[in-house]
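Line order of the protein sequences matches chains U and L. For the first sequence, numbering that gives the first Met the number 0 gives the first residue as 0, with consecutive numbering after it. For the second sequence, numbering that gives the first Met the number 0 gives the first residue as 0, with consecutive numbering after it.
For the record, the hints were derived by calculation from the structure and aren't laboratory data. Being a predicted model, the structure only gives us computed values, none of them experimental. Errors might be hidden in some of the hints.
Said to hold, decoys possible - Heads up, simulated DSS-like pairs for lysine-lysine below, C-alpha to C-alpha not over 25 Å straight-line:
| # | chain 1 | residue 1 | chain 2 | residue 2 |
| --- | --- | --- | --- | --- |
| 1 | U | K369 | L | K23 |
| 2 | L | K4 | L | K56 |
| 3 | U | K139 | U | K181 |
| 4 | U | K181 | U | K75 |
| 5 | U | K401 | L | K120 |
| 6 | U | K329 | U | K369 |
| 7 | L | K4 | U | K401 |
| 8 | U | K401 | L | K18 |
| 9 | U | K387 | U | K401 |
| 10 | L | K56 | L | K133 |
| 11 | L | K18 | L | K133 |
| 12 | U | K264 | U | K83 |
| 13 | L | K56 | L | K82 |
| 14 | L | K56 | L | K137 |
| 15 | U | K401 | L | K126 |
| 16 | U | K237 | U | K181 |
| 17 | L | K18 | L | K4 |
| 18 | U | K369 | L | K126 |
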Amino acid sequence: MLNPDIRNDFPILDQEVNGFPLVYLDSAATSQKPRQVIEVLEHYYNYDNANVHRGVHTLGNRATEDYEGARETVRKFLNASSDKEIIFTRGTTTALNLVADSYGRANISEGDEIIITYMEHHSNIIPWQQLAKATGAVLKYINLEEDGTVSLEKVSDAMTDRTKIVSIMYVSNVLGTVNPIKEITEIAHAHDAIMVVDAAQAAPHIALDVQDLDCDFLAFSGHKLCGPTGIGALYGKKALLEAMEPTEFGGEMIDFVGLYDSTWKELPWKFEGGTPIIAGAIGMAAAIDYIQAIGLDAIEQHEHELVAYAMEQMKSVEGLEIYGPRDAGKRAGIITFNLEGVHPHDLATVLDMNGIAVRAGHHCCQPLMKWLDVSATARASFYLYNTKEDADRLVEGLRMAKEYFQ
Amino acid sequence: MKNEKLDQLYRSVIMDHYKTPRNKGVLDEGNVTIDMNNPTCGDVIHLTLQVEDDIVKDAKFEGEGCSISMASASMMTQLVKGKNTEDALHAAHAFSDMMLGKDVDDTVDFGDIEALTGVAKFPARIKCATLPWKAMEKGIAHDSE
Numbered sequence: 000m001l002n003p004d005i006r007n008d009f010p011i012l013d014q015e016v017n018g019f020p021l022v023y024l025d026s027a028a029t030s031q032k033p034r035q036v037i038e039v040l041e042h043y044y045n046y047d048n049a050n051v052h053r054g055v056h057t058l059g060n061r062a063t064e065d066y067e068g069a070r071e072t073v074r075k076f077l078n079a080s081s082d083k084e085i086i087f088t089r090g091t092t093t094a095l096n097l098v099a100d101s102y103g104r105a106n107i108s109e110g111d112e113i114i115i116t117y118m119e120h121h122s123n124i125i126p127w128q129q130l131a132k133a134t135g136a137v138l139k140y141i142n143l144e145e146d147g148t149v150s151l152e153k154v155s156d157a158m159t160d161r162t163k164i165v166s167i168m169y170v171s172n173v174l175g176t177v178n179p180i181k182e183i184t185e186i187a188h189a190h191d192a193i194m195v196v197d198a199a200q201a202a203p204h205i206a207l208d209v210q211d212l213d214c215d216f217l218a219f220s221g222h223k224l225c226g227p228t229g230i231g232a233l234y235g236k237k238a239l240l241e242a243m244e245p246t247e248f249g250g251e252m253i254d255f256v257g258l259y260d261s262t263w264k265e266l267p268w269k270f271e272g273g274t275p276i277i278a279g280a281i282g283m284a285a286a287i288d289y290i291q292a293i294g295l296d297a298i299e300q301h302e303h304e305l306v307a308y309a310m311e312q313m314k315s316v317e318g319l320e321i322y323g324p325r326d327a328g329k330r331a332g333i334i335t336f337n338l339e340g341v342h343p344h345d346l347a348t349v350l351d352m353n354g355i356a357v358r359a360g361h362h363c364c365q366p367l368m369k370w371l372d373v374s375a376t377a378r379a380s381f382y383l384y385n386t387k388e389d390a391d392r393l394v395e396g397l398r399m400a401k402e403y404f405q
Numbered sequence: 000m001k002n003e004k005l006d007q008l009y010r011s012v013i014m015d016h017y018k019t020p021r022n023k024g025v026l027d028e029g030n031v032t033i034d035m036n037n038p039t040c041g042d043v044i045h046l047t048l049q050v051e052d053d054i055v056k057d058a059k060f061e062g063e064g065c066s067i068s069m070a071s072a073s074m075m076t077q078l079v080k081g082k083n084t085e086d087a088l089h090a091a092h093a094f095s096d097m098m099l100g101k102d103v104d105d106t107v108d109f110g111d112i113e114a115l116t117g118v119a120k121f122p123a124r125i126k127c128a129t130l131p132w133k134a135m136e137k138g139i140a141h142d143s144e
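Isolated chain U, as found in the complex (with noise of 0.2 Å):
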């Protein structure tokens, strides 16, 4: 386990909710932000603030080298082999929507076929729906095992010649299952297929090797892994980058505007239209630098065990059911559960009454939910600010709704 010092880096966790200590469950919504990062923000806004790659002053430089320094420390968080493989985004959402985009609309074409998994967050869902709506595309969903996990088997199953984008979670939001991505990419390959991740969840607590997993694009959020909102990356091959085109125009993305045609720079600017978000990018790269030197495995290990003993102990709370893997070493720092007889909005009320932040509803994944067969979970999810008194004061207070609403 971290040490649980940790806590004090995060001045939000100190306090009452509703006359309870805060239990802040929720990291999978969005984690919490360290000091550290919070630091960097304001001292970007107090001391460096200007645009980028256009003033010629000291603060302009300053803005510049701290923007780029990001995309330096992003390009390292993932492995990347150059720093042009790093496009900032708004997020996970805006990243994927840009591949479908750009990528999609020029490579697909009618009867091609787009497969995902029934697990998918609506991020990863909905733009490739709309690709195939606009090229006549087939949209494939993979069937799930009985556990929540997918099987390479029904990958492969899948797979056809007009395969030409398969695109997966690697760590399911609701499930919390950790997918065999570097096994599904080998698969897509062989088929002449792109492998695109949606690494949103796994990002905040698996370390990541793009070159390792050999995907072809990989998207992720800066708010889930203690940065500030707003911002994100998407990782591309540096060849496929090359060969697409922008999605938005204006900005920071230009070359040289003619009257009726212009240019646009190089990567990764050609993607980066607008001002782009400076002090998010510097934020993410404060948080990923938060993140790193406490250590991704032991991030990883230290959810593992805060899971194994949260399971363990909600088993004793009677008419509970837990979604996804069984095997605690299988699943993220993510329980989804239900409690026999109490809506999941509901348990979150009465939770939150006791200052237990969880999260009710669908989690933006309502084919999965529809596959789940339930119309909502509630959902508990850890970080590595978390400890075993968090999970017991979880399971208290599913106690508690159990009495009140028997």
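Since the structure of chain U is provided, determine the placement of chain L on it from the hints.
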């Protein structure tokens, strides 16, 4: 377990309507059908009304949702039955005010429904309570077009 705030929200009359909902089902003679959902949480309601000569003769609902939304639907269907459409719409307005913590028009006799006033103190749950009423409003407005 004792929690005053929760007791304000989950009054016994609400729990009663949740556990034994009134007017559950689909009206065979219904001439107004409304489906509404709350996309942020997945709550759904399927409401059927039998409206004749501007009178809501009968109302039934089916749905998936939390105790607040289902109890609210049960109570709402009880209230509108037999009311003329103008009064039903008026009640929906007054109910919405009640949820927003505003002064409520005292010409509407809410009876047991006043148990839902506690919801006003739980901003995240207001939409749960108002969903069935919005469905009723939509259904009546649509019918009178």
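Verification of the hints:
no.	hint	verdict
1	U:K369 <-> L:K23	holds, 23 Å
2	L:K4 <-> L:K56	violated, 37 Å
3	U:K139 <-> U:K181	holds, 20 Å
4	U:K181 <-> U:K75	holds, 19 Å
5	U:K401 <-> L:K120	holds, 22 Å
6	U:K329 <-> U:K369	holds, 22 Å
7	L:K4 <-> U:K401	holds, 17 Å
8	U:K401 <-> L:K18	holds, 14 Å
9	U:K387 <-> U:K401	holds, 21 Å
10	L:K56 <-> L:K133	holds, 18 Å
11	L:K18 <-> L:K133	holds, 22 Å
12	U:K264 <-> U:K83	holds, 12 Å
13	L:K56 <-> L:K82	holds, 8 Å
14	L:K56 <-> L:K137	holds, 17 Å
15	U:K401 <-> L:K126	holds, 24 Å
16	U:K237 <-> U:K181	holds, 19 Å
17	L:K18 <-> L:K4	holds, 21 Å
18	U:K369 <-> L:K126	holds, 23 Å
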